[in-house]
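Engineer: Whole structure, please, built from the sequences with the hints as guidance.
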Amino acid sequence: MANGSAIATPGSPRHAPSKTPAHHGHIRKLKTSANVKGHTMQMNQALLTDQSEADWLPAPMHSNEGARMAELLSLDLLNMSDAHLERFTRLATHVFDVPIAYIGLPSGDKNWIKAGVGTDIHSSDRAMSFCGHAIHEPDMLVVPDTWHDPRFANHPIVIGSFKIRFYAGAVIWGRHGEPLGTFCIVGTEPRTFSENDRTKLRHLRDAAQEQMVDFALKRKHLEAAMHDARLDEVTGLLNEAGLQERLEQGIQWAQSGDGSSFSVFIVKVVKFNEIKHGRGPAVTKAVLQAVGRTLTETLTRGCIHGRWREDVFLTIVPYTTPDDALADVGRQLIAAFDAPFDVEGKTVPIRVHVGVSCFPSDGRDGRTLADAAEHAISDLISTHASSFALADQNLNTVMRERLDMERRLREAIDESKLSVVYQPKINVRGEQVSEAEALVRWTDPELGNVPPDRFIPIAEAAGLIDALGAFVLKKACEDAVTWSPDTPGKSSVAVNVSMLQIEDPAFLDTLRDVLDQTGLSPDRLILELTESTLMTRASEIRDNMSAIAALGVRFAIDDFGTGYANFNYLRDLPIHSLKVDKTFVDNIAEHENHARICHAMVTLGRTLGLDVVAEGVETSEQAIFLKAYGCDQLQGFHFSKPLSSDDFRRYVQDRNGSAQV
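The opening residue of the sequence shown carries number 183 in the working numbering; numbering runs sequentially from there.
It should be emphasised that the hints constitute simulated quantities derived from the structure, not laboratory data.
Wrong hints could be hidden among the right ones.
Here are the computed lysine to aspartate or glutamate pairs in the EDC-like style, where the Cα-Cα straight-line distance is at most 20 Å [said to hold, decoys possible]:
(1) K292 with D264
(2) K467 with E415
(3) K453 with D520
(4) K599 with E588
(5) K292 with E319
(6) K453 with E642
(7) K809 with E613
(8) K292 with E247
(9) K599 with D635
(10) K467 with D524
(11) K453 with E685
(12) K656 with E593
(13) K656 with D705
(14) K292 with D307
(15) K823 with D768
(16) K656 with D596
(17) K656 with D691
(18) K764 with E710
(19) K809 with E774
(20) K656 with E710
(21) K764 with E803
(22) K809 with D793
(23) K823 with D741
(24) K599 with D828
(25) K809 with D768
(26) K599 with D586
Ranges of calculated distance between the beta carbons of each label pair, as one might list FRET restraints [unchecked claim]:
(27) H773 with Q514: 57 to 65 Å
(28) Q437 with Q514: 27 to 35 Å
(29) D291 with D586: 49 to 57 Å
(30) N631 with L790: 35 to 43 Å
(31) L260 with N631: 54 to 62 Å
(32) K345 with T374: 14 to 22 Å
(33) A688 with T664: 23 to 31 Å
(34) D510 with Q437: 24 to 32 Å
(35) Q437 with R832: 58 to 66 Å
(36) D510 with D291: 50 to 58 Å
(37) G342 with H276: 24 to 32 Å
(38) A265 with S826: 49 to 57 Å
(39) S560 with E774: 40 to 48 Å
(40) P522 with R832: 53 to 61 Å
Computed from a prediction, not measured in an experiment: that's the story for all the values here.
We put the CB at the ideal spot given by N, CA and C, even for glycine.
Structural biologist: Following this line, the structure appears as structure tokens:
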């Protein structure tokens with residue numbers, strides 16, 4: 183042994199070394215306690231920070247230290263909770279009747295103590311640790327009596343207050359054979375450690391080792407799954423959940439003092455539905471990937487990119503500049519989309535709308551910042567060319583309320599929290615119910631009943647009208663089938679559809695699928711479109727309307743008379759009926775001009791061979807006038823308010839007597 187210190191023989195009294203070690207240096211005290219056979223013993227361990235003069239052998243670094251450290255960090259064992267391992271170390275103290283058991287994980291210059299029983303020490307100097315020696319062994323290190331081992335005979339924890347006399351540590355192995363640490367038992371008395379004892383220690387080591395590696399791998403798999411759950415499958419960029427996390431991290435960073443602001447770019451693909459339904463899924467996927475690539479190649483310098491929604495991308499720019507400089511960045515981004523893209527062997531023009539918001543001026547949370555940027559481009563929806571807009575620096579309460587309503591509506595559609603009611607249409611000739619108009623209703627837990635004239639424009643602006651329309655269409659067809667199961671041809675239901683739905687080439691397939699799934703005969707379905715829709719886009723929707731009419735589905739013009747234009751579309755499109763708008767019905771009994779206009783519209787419709795429906799009938803006087811003018815059907819509160827499906831059925835049975843709906 184170094185410095186010629188004597189080794190005590192068995193049975194002889196142990197004396198301090200004849201020579202005081204020359205390593206007084208800096209000494210730190212670690213206080214711990216150990217329960218030895220029911221007694222608590224307070225132990226003060228003097229651990230020397232300078233072992234250059236030590237007369238005991240420091241533990242050397244492992245020859246494959248890099249590999250073992252990589253595995254240790256990969257499994258993240260240093261952060262594993264003691265609760266997962268303590269049952270093994272506690273069992274070891276009972277099996278071997280020792281006061282101390284723990285798992286030692288040498289890392290750097292420390293030996294980290296995990297699941298310690300009989301000690302509250304969490305780390306020690308690696309060079310002074312038994313575990314630092316044990317990891318060099320092929321299986322385990324057993325020191326029956328530390329006084330008789332040259333490496334430890336003059337060790338501070340042997341000759342000091344701890345008086346450690348026995349140590350056994352079985353090596354814990356990594357997945358590729360790296361020695362990660364040891365499963366240790368420690369005693370204050372020398373002992374013989376038999377082969378049977380070694381086998382027991384191996385069994386405990388194996389159980390703890392399996393738990394450690396298995397737990398670590400499961401956690402890694404969970405983390406990998408959580409990471410994948412934050413990635414968009416199509417583009418490989420972050421998805422909405424991943425972007426929300428990064429936005430909140432950006433806000434924390436900005437508020438910490440390390441930074442003061444950052445920008446959020448919202449990039450929306452123009453006329454995405456036309457690409458999606460007109461080009462097919464392969465081209466749509468390639469377009470989204472092309473947009474993602476263009477963003478990442480154009481906006482760099484630490485920018486974070488992701489797909490916020492189906493046709494909306496979001497980029498976090500970790501810096502801000504004056505508005506004119508931000509506009510330059512926006513124009514640079516738009517310019518990147520100038521040239522058509524080669525997608526799946528086809529030339530596809532891609533246009534985008536870009537909106538920008540800044541933290542903290544446009545919002546102090548991630549959702550508000552994204553909403554502000556998206557709201558900035560809301561006025562650009564009718565612009566088919568690429569365009570750019572900055573968020574209003576004075577984001578007002580009205581806009582915040584609108585954005586909040588949009589979020590709530592999106593959730594209500596996704597979770598089917600909307601309802602559909604039905605307003606009867608009365609056949610003038612028989613005074614019986616002939617049809618019903620399906621009307622969507624929304625009751626929010628906090629906002630209460632939200633009128634359609636508030637949420638439908640929001641659905642159109644937010645790109646939710648397709649999903650909203652599909653919900654109402656399917657529900658109306660399902661209910662209509664139940665009204666007259668025995669005579670299905672006698673009941674009809676009218677559903678309002680938007681221009682976006684009629685323009686969509688895939689709407690025909692959607693309609694066919696709904697009719698097939700519900701079993702509703704096509705001639706019992708009426709699709710209502712507003713007159714303004716037909717007047718402005720008649721040529722674009724003619725083919726789709728003709729294909730739908732070929733199924734047997736009928737079309738009605740809603741709000742007729744509000745367009746103030748020529749009526750050529752009445753001749754060119756497959757229209758079955760028209761509905762005189764309520765504004766012309768309101769005053770026909772009081773104002774002669776209103777009566778004349780209303781009469782003229784009814785006459786025009788009948789001349790063209792169309793059924794004429796008057797809506798908004800609220801008084802018996804109005805009903806008398808409209809019958810005299812030759813209207814075919816009347817609808818309004820004078821006859822009935824909108825009813826649930828069951829109430830509508832009962833209303834029809836009461837009004838029509840024994841007749842079916």
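Engineer: Please test the hint of 49 to 57 Å on the beta carbon pair from D291 and D586.
Structural biologist: Holds, at about 55 Å.
Engineer: Hey, K599 versus D586, does the alpha-carbon distance stay inside 20 Å?
Structural biologist: holds, 16 Å
Engineer: Against the 20 Å threshold, does the CA-CA distance of K809 and D768 hold or violate the hint?
Structural biologist: holds, 15 Å
Engineer: Within 20 Å, alpha carbon to alpha carbon, are K292 and E247?
Structural biologist: Roughly 13 Å between the alpha carbons, so the hint for K292 and E247 holds.
Engineer: Does the Cβ distance between L260 and N631 fall inside 54 to 62 Å?
Structural biologist: holds, 57 Å
Engineer: Assess, step by step, whether the Cα of K656 is no farther than 20 Å from the Cα of D705, and give holds or violated.
Structural biologist: holds, 15 Å
Engineer: Against the 20 Å threshold, does the CA-CA distance of K599 and D635 hold or violate the hint?
Structural biologist: Holds - the C-alpha atoms of D635 and K599 are around 18 Å apart, at most 20 Å.
Engineer: For the range 40 to 48 Å, tell me whether the beta carbons of S560 and E774 fit it or not.
Structural biologist: holds, 43 Å
Engineer: D510 and Q437, beta-carbon distance inside 24 to 32 Å?
Structural biologist: Holds, at about 27 Å.
Engineer: Starting from the hint 24 to 32 Å, judge whether the C-beta atoms of G342 and H276 obey it.
Structural biologist: For G342 and H276 the Cβ distance comes to about 27 Å; the hint holds.
Engineer: Is 49 to 57 Å right for how far apart the beta carbons of A265 and S826 are?
Structural biologist: holds, 55 Å
Engineer: Could you grab the alpha-carbon distance between K823 and D768 and see if it respects the 20 Å cut-off?
Structural biologist: holds, 17 Å
Checked against the numbered hints given earlier, this structure breaks none of them.
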